[in-house]
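Residue numbers (full-length UniProt numbering): 1 to 394.
What the hints contain is simulated information worked out from the structure, not anything from laboratory work.
Mixed in with the good hints, there may be bad ones.
Stated by the list, open to error - Label-pair restraints from in silico Cβ distances:
id	residue 1	residue 2	range
1	Ser178	Asn284	13 to 23 Å
2	Asn141	Gly95	12 to 22 Å
3	Ala137	Val301	17 to 27 Å
4	Asp162	Gly198	34 to 44 Å
Nothing here was measured: the structure is a model prediction, and the numbers come from that model.
For glycine and all other residues, C-beta sits at the position ideal for the given N, C-alpha and C.
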Amino acid sequence: MSDKRSFDRRGPDAATAALGEDFDATDSPETGVTGLENRHYADGRCGRFILVVADDATGMRETTRTLGVGLVALLVTLSVGFAGMGAMAEGNQSGDAQVRIAHMSPDAPPVDVLVDNETVVSNLSYGNVTDYTSLSAGEHNVTITAADDPSTVVFSDNVTFDADTNYTVAATGLISGSGDTAFEPVVYEDNFTAPDQGNASVRLVHVSPDAGPVDVTVAETNTTLFDNVSFRNATAYKQVPAGDYTLEVRPATANDSGEVLKTFNVSLSDRTVYSAFAAGYADNSSVPAGSPDRPLDLILVTDFTAAANETTTAAPATTTANETTTTMTETTTGEQTTTTTTTEQMTTTAMNETTTEQMTTTTMNETTTGEQMTTTTTAMNETTMANETTTTSK
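Work out the full structure: start from the sequences and follow the hints.
So, in structure tokens, the structure goes:
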């Protein structure tokens, strides 16, 4: 397999933020796609591999495998190679490469991907996105097999991985397609910049092969979230208030008022970054013969959650319980028994727990016919501390 692969660098569609007062939206740093030439990424906000046969961690439809096993192999190989060139979470520059793979080709079947003879992706099917996988930077052997037949090796070669960039490799287009809808892997750069408090960040990734350019509007506010996004392009990330929304996907028009193709209800969590993949067929007449009908869908995928990567310090809540059992005195024919149990105090903090337990048992005196025996048991202190110490006065 040749090291040299041509690519077309194109910037992502401009995504306007005309969200209205209720949104108060701001743009996060833009994201895009990067191309590969001579196994190394060129700078560019959007780069696409121009390969009629492309590669991704997904395979061809089983019904067409005899026509395209090589296509599947190439697709998956490039996906793994490019993905490995990339992803580290914000603030975590370990030098490793990380990758996730998205299967967004509606007529392609599942595949397995192995790196250095270890399976990293198993049976990845349409509409699914893997977690990020960490790989050491450098050269790794990549092997692709049919998911339903591991003995069928469709590709095996060495691929070099770079470090410290986040990528999603998406299988797009149609195995049965041609021209603009031909099957291709696309590498999108993911941005893990945490949204402001109370906000979420979301971008649109257009991978529906027959939808044409689209607008995405917000039903609740009658505003435009993403404008004129074309096939295989990803918008910049947009910050919007966290919450529930009804999003409308429409054919792109000058005033963003095209007929609604489909509506989707989404929930966006505080300080979370999302990719929304518009995938599947906008028109069921576009479904290739013998292929499953996979209608237009909005697949919302979490890229990054700030809450899971930050440490929050909270003031401890303290509960104090005091228990005192006092003296009981019995006198019988010159015999006096005094038993005193005093002050058991326990302090427990809700977070970074500190527990101090003090128990003191004092002096038991017995006097019988001029003989005195005194037994004293005193001061047992037990202190358990985790991370913080809370001092409690008795």
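Outcome of the hint check:
The hinted range of 13 to 23 Å is satisfied by serine 178 and asparagine 284, whose Cβ atoms lie roughly 20 Å apart. Under the hint 12 to 22 Å, the C-beta atoms of asparagine 141 and glycine 95, about 20 Å apart, fit the expected range. In this structure the supplied range 17 to 27 Å holds for alanine 137 paired with valine 301, their Cβ-Cβ distance being about 25 Å. In this structure the hint that aspartate 162 and glycine 198 lie 34 to 44 Å apart at CB holds, the actual value being about 35 Å.
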